[in-house]
Every structure is written in C-alpha cells, then in structure tokens.
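Visitor: Sequence:
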Amino acid sequence: MAYSSLCRRLIIACSILLAILVSGVSCVDIFHEWIVSADNTINLVSVSQPVITINGMFPGPLINATTNDVVHVNVFNNLDEPLLITWNGIQQRLNSWQDGVSGTNCPIEAGSNWTYVFQTKDQMGTFTYFPSINFHKVAGGYGPIRVNNRNVILVPFAKPEAEFDLLIGDWFEADYKEIRSLVQESWGIPDVMLMNGKAPYGYSNATDYESFTVTKGKTYRIRVSNVGSVFSFNFRIQNHKMVLVETEGSYTNQIILDSLDVHVGQSYSVLVTANQDEADYYMVASPKLFDTNFSNTPYLVGNGVLHYANSVGTGRAPVPNGPDPFDIEFSINQAKSVRWNLTTGAARPNPQGTFNVSNITLTQSFILHGSKAEINGTLRYVVNNVSYLTLDTALKLADYFRNGSGVYELDAFPVRSVNDAAAYGTSVVTGVHKGWLEIVFNNGHEVMDSWHLDGFGFYVVGFGEGEWTPESRNTYNLYDPVVRSTVQVYPGRWTAVYAFLDNPGMWNLRSQNLQHWYLGQELYVRIHDDDPNPAKERPPPENLLLCGIFDESPSPSGAPAPQPRW
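FYI, my numbering numbers position 345 of the sequence shown as 345, with every residue one higher than the one before it.
Bear in mind the hints are in silico, worked out from the structure with no lab data behind them. Just so you know, not all the hints are guaranteed correct.
Calculated pairs, EDC-like style, for lysine to aspartate or glutamate (alpha carbon to alpha carbon, straight line, at most 16 Å) [to be verified]:
1) K121 / D29
2) K216 / E161
3) K216 / D280
4) K218 / E161
5) K216 / D165
6) K198 / D208
7) K536 / D502
8) K434 / D502
9) K121 / D502
10) K198 / D165
11) K434 / D530
12) K336 / E161
13) K372 / E446
14) K177 / D80
15) K218 / D277
16) K372 / D420
17) K241 / D277
18) K434 / D529
19) K241 / D258
20) K372 / E185
21) K216 / E278
Here are the in silico distance ranges between beta carbons for each label pair [claimed, not checked]:
22) Y424 / S358: 34 to 44 Å
23) K536 / V418: 32 to 42 Å
24) H72 / S358: 37 to 47 Å
25) T354 / D411: 27 to 37 Å
26) L546 / S204: 47 to 57 Å
27) T361 / L62: 39 to 49 Å
28) T215 / N403: 30 to 40 Å
29) S112 / R402: 31 to 41 Å
30) L342 / D529: 24 to 34 Å
31) N403 / N151: 37 to 47 Å
32) K218 / D531: 50 to 60 Å
33) F157 / N64: 11 to 21 Å
34) E173 / D411: 38 to 48 Å
35) D208 / T361: 51 to 61 Å
Bear in mind the structure is a predicted one, so any value in this text is a computation, not a measurement. For every residue, glycine included, the Cβ atom is placed at its ideal position computed from N, Cα and C.
Given only the sequences and the hints, what does the whole structure look like? Please build it.
Guide: Now the structure itself:
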C-alpha cells in the first residue's frame with residue numbers, strides 16, 4: 001500500500017512538472033548592455049550629422065522577448081547631456097519606476113549608466129523604444145521590440161517563413177541640437193523618409209537602401225512602426241496585398257489591404273505572401289496630409305525593395321501611387337475597420353473578447369483639447385490651455401516621498417476644455433484605480449496628431465468630426481474596438497478611447513508628435529492604491545536615481561528648488 005501510494009504521488013508530481021513545462025508559463029531573464037553615443041561618421045544622407053546609435057547601430061538592437069520575460073537593459077550614456085529611454089507600448093505592470101520619461105525617472109547623466117528592469121507581463125506584439133528627453137529622438141536612438149506569444153497561446157495565423165522589423169520615420173538633415181534650438185520658431189519640415197535608418201532607393205548620395213529578400217510562395221510577417229517625429233505615412237508594397245493581423249499588442253480581425261496608414265508612434269504587423277513573378281518590388285512610405293511634389297521634397301517618399309531570391313534584374317516599374325494623401329475619409333474609414341479579433345487569445349489563453357467594453361460604467365471622462373498658443377511671447381503647445389512644464393524633480397519621486405507636496409499640485413489641471421488664457425503648469429491628474437476612464441482627444445491643429453498613454457492599452461471607441469459632445473457617444477463602437485497604446489487624431493476632429501485603470505503608478509499621457517510633446521502637450525495620470533502590498537505597485541528599485549530636490553549631491557545652500565528644464 002505504501003509503495004502504491006508513493007507511486008501515485010510520484011505520478012502526480014511528474015504530471016504537475018510536465019504541465020508546467022508544456023504550458024511555458026515560466027519566464028526568462030533577458031540581458032542587454034547598451035552604449036548610447038552620438039556618431040558623426042554615419043552618413044545617412046548627403047550631410048554629416050550626429051546620429052544617436054546604440055552599440056554603434058542605428059536603428060538600435062532588437063529586444064526579442066516572450067510574454068512575461070524580464071528584460072534588463074544596462075544603458076551607458078556616452079552623450080554629452082542627460083538621457084532617458086522609454087519603452088513605447090510596454091505597459092510596465094505595477095512598475096512606472098521603469099517607464100523612462102521625465103515624470104517617472106531621473107535622467108541618466110552623461111558619462112554614467114543605469115539599468116532598466118521591466119517585465120513584458122501579459123503582453124505580446126510589436127513595439128518600439130526611443131529616447132524621450134532633450135529632443136534626442138529626432139537624432140535616432142530608437143529600435144524595435146518584439147514580444148512573442150508563449151507556446152501555449154495559439155497565434156491566429158500560420159507561422160510565417162520569417163519576420164522583418166521595418167522602422168520608418170521622417171528625418172532632418174541637420175544637427176539635432178540645432179533643430180532643438182529652432183523648435184520654438186520655424187523648424188521646417190523633414191528632408192527624407194528613412195527605412196531602418198536607410199535613405200530611399202534612388203536617393204542621390206545614398207550608398208544603401210533597405211531590402212528584404214523573400215522566396216516565391218512563402219509568407220512573411222512585416223512589423224511596421226512609425227518612428228518619425230512629424231508625419232503619418234501610407235505604407236504599401238508594389239503588386240502585393242497585405243493582411244493586417246496585429247497592432248501594438250492586439251490581434252486584429254484579418255483584413256486585406258492595398259495600403260496602410262501608420263501614424264507617429266504606431267506599430268502594426270502585416271502578412272505578405274510572395275506570390276508575384278520573381279523580380280524586385282518597391283516598398284513605399286509616403287507622408288499624409290503633405291504634397292511632396294508641390295514642396296519639391298521627393299525623398300520624403302521612402303522607398304525600399306522587396307527582393308525575390310531568384311530575381312534576375314534590377315529594373316523596377318514606377319513607384320506605385322497610394323491613396324490621395326489629403327483624403328481623410330479614406331484614412332478614417334480604414335481606422336474604423338481595424339477591429340479587435342474577439343475569438344483569439346493574445347497574451348493569455350482566454351479570448352480577447354473576454355475583456356469588452358459593451359456594458360461598462362464610466363468612472364471618469366477627460367476631454368482634452370490639443371492646440372498651440374503663445375505664453376509670454378513664446379510658442380508653446382497646450383492641453384486645455386495648459387502647457388506642461390518639466391521640473392528637475394521627477395514626479396514619481398515627489399509622489400512617493402512627499403505625496404507630491406512642494407513639487408506639483410494634484411488635480412489643478414482642468415480635465416475638460418477651458419477658455420482661460422494659456423499658462424504653464426505641471427499637470428498631474430487623478431485616475432481612479434480600477435475605474436474606467438474615457439478620454440476624448442480634440443485636435444485643434446491643422447496637422448495630424450497622435451496620442452499615447454504609458455502603462456495601458458486603450459480601447460479606440462470612436463472617431464468624429466468637429467467638437468465632441470456627450471451625444472457623440474451614440475456613435476461609439478463598443479462591440480469590438482481595437483486595443484492599442486497610440487491613437488491618431490485628425491485635424492479639426494476628435495478621437496475617443498476607454499482605459500481600465502488597473503495599473504497603479506504615475507503615467508505619461510502625451511502627443512507623439514515630437515514638437516507638440518517637447519513644447520508642452522502632455523500630462524501625467526496618477527493612479528494610486530493605498531494598499532502597500534507590492535502586488536499593487538512595486539517599491540522603488542534599489543538602483544533608484546535621485547534628482548531635483550532629492551539630489552544627494554552637496555549644495556552650499558541646501559536642496560535647490562525645482563526649476564524648469566526644457
């Protein structure tokens with residue numbers, strides 16, 4: 001009997017161990033060591049300029065993780081000024097200490113290093129990283145992030161032959177410090193559209209262009225991200241259809257597209273089957289709401305090549321035209337067609353549709369109007385007529401050690417559009433923990449804008465023209481809105497999203513247009529839970545950096561008062 005009982009116990013133990021191994025629920029630690037430098041020897045275009053590289057690479061190295069992995073990135077700052085890296089779309093569950101923006105992290109000073117540690121908790125999908133302060137993004141420093149499914153979660157399409165990361169963005173032929181100094185004046189328009197850091201095919205002084213090699217009959221996953229500063233773009237591949245399958249951590253209903261609009265800060269996955277004659281075909285990215293012919297900027301149309309392995313020539317037909325860049329209705333209709341696949345799992349085995357917004361009760365509503373204004377004769381960008389003023393003291397430090405006292409005033413920012421005169425403010429608003437937040441973004445600019453919320457994916461429930469009103473809710477899609485972290489807002493129009501605020505922390509809500517963001521179009525949402533249990537929010541990391549009033553460096557007059565830092 002004892003022997004039989006022991007056998008049963010061993011069998012049970014082995015079954016449990018096997019289940020754990022098969023389920024793939026265990027996570028792994030991934031380690032990166034990055035040296036961030038300004039390299040003047042990389043000639044991307046016709047002029048010499050500093051390019052921010054990581055380990056000598058531009059774009060930077062791929063972070064290739066799986067759901068729930070823990071990523072360690074030791075960043076050595078070899079620039080001559082402070083640096084922060086943010087993880088665009090990685091939700092940093094319970095851990096805004098690692099978010100890499102000025103409100104949550106003190107900067108990594110020149111000549112020093114700091115290690116980020118974050119987990120890809122309950123996530124999968126296509127994301128990017130980039131430097132978040134000092135206008136560094138306009139000089140590079142960005143790269144791709146892939147978060148793969150665990151083995152137990154079925155992917156809703158056949159495994160592709162290979163995957164390609166395609167980072168596309170507008171680029172200036174000037175020193176980023178010079179551009180930064182002009183940003184409050186007329187800083188001009190970008191000069192060229194890069195694909196993975198390479199100038200367009202046919203660019204006069206380019207020595208290289210982006211090319212992906214494919215085999216006839218095979219299907220490939222292309223992860224397309226807009227890493228630019230200004231322009232949305234339309235992406236297409238000559239003579240090839242694309243099947244949209246994923247965006248920023250959500251599997252979408254699979255729709256067949258001739259072209260795809262990608263807005264600043266956004267990422268998508270498309271499947272492309274090499275089903276044409278064995279030749280070379282253009283991959284094209286052209287700016288939206290901009291006429292490259294009229295402005296004589298032909299290289300703002302990015303061109304790369306889809307190269308068939310047995311292609312027998314370099315001849316290519318004319319660059320394929322896309323939709324009219326000023327056809328907003330086309331773009332909006334396409335945006336509305338990007339919907340959540342309710343029947344498939346994503347980071348978890350239960351279907352995405354398990355988490356729906358068809359019958360939720362809203363806890364809060366923020367009505368945010370983005371526009372530009374003059375404050376004391378200086379160009380600024382504002383949200384509800386408040387231009388965010390970045391302080392030397394990270395808000396997260398002030399929140400943790402002083403409950404914000406002496407650094408910011410909680411809820412002084414108006415969460416609904418106002419007509420007051422434009423003014424500076426360090427905007428921090430309360431988000432109700434585990435409440436549902438509605439955010440309506442109104443675009444008062446004449447150009448495209450896009451908005452991003454760190455720490456969350458949000459449900460994109462509506463697009464509309466003119467001013468939003470409560471009756472606009474009748475037009476919302478509450479059945480299958482896609483969940484993503486960056487959403488576009490068309491000129492003179494509004495976009496509405498819902499977010500479930502289950503992730504305590506201090507989270508950045510910003511325009512992804514770099515000039516808008518840099519000059520004040522942002523705020524922070526403080527989501528607090530009084531329960532000190534680390535399962536609610538993690539404590540500060542042991543390597544916590546201090547700055548502002550918490551700076552430990554000696555000062556003859558004591559701790560300095562917070563000062564604006566541009």
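Visitor: Would the pair K198 and D165 pass a check requiring their Cα atoms to be no farther apart than 16 Å?
Guide: Distance of about 13 Å is within 16 Å: holds.
Visitor: Does D29 sit within 16 Å of K121, going by the straight-line distance between their CA atoms?
Guide: holds (13 Å)
Visitor: Check the hint pairing K121 with D502 against an upper bound of 16 Å on the C-alpha distance.
Guide: holds (13 Å)
Visitor: For the pair we were handed, K372 and E446, check the Cα-Cα distance against 16 Å.
Guide: The hint holds at about 10 Å.
Visitor: Please work out if K241 and D258 have their alpha carbons no farther apart than 16 Å.
Guide: Measuring from Cα to Cα gives roughly 5 Å; hence the hint holds.
Visitor: Measure nothing beyond the straight line between the CA atoms of K372 and D420; if it is 16 Å or shorter, mark the hint as holding.
Guide: Satisfied, since the Cα-Cα distance of roughly 14 Å is no more than 16 Å.
Visitor: Falls inside 39 to 49 Å, the C-beta gap from T361 to L62?
Guide: Roughly 41 Å apart at Cβ, these two residues keep to the hinted range, so it holds.
Visitor: K336 and E161 were given as a pair; does the straight-line alpha-carbon distance stay at or below 16 Å?
Guide: Violated, because 30 Å separates the two Cα atoms, which is more than 16 Å.
Visitor: In this structure, is the beta-carbon distance linking S112 and R402 contained in 31 to 41 Å?
Guide: At roughly 25 Å between Cβ atoms, R402 and S112 fall outside 31 to 41 Å, so the hint is violated.
Visitor: Does the hinted range 11 to 21 Å hold for F157 and N64 at CB?
Guide: holds (19 Å)
Visitor: Within 27 to 37 Å: is that where the Cβ-Cβ distance between T354 and D411 falls?
Guide: Given about 33 Å between the Cβ atoms, the range holds.
Visitor: For K218 and D531, compare the CB-CB distance with the range 50 to 60 Å and indicate the outcome.
Guide: Holds - the Cβ-Cβ distance for K218 and D531, about 52 Å, lies within 50 to 60 Å.
The structure shown violates the earlier hints numbered 5, 12, 28, 29.
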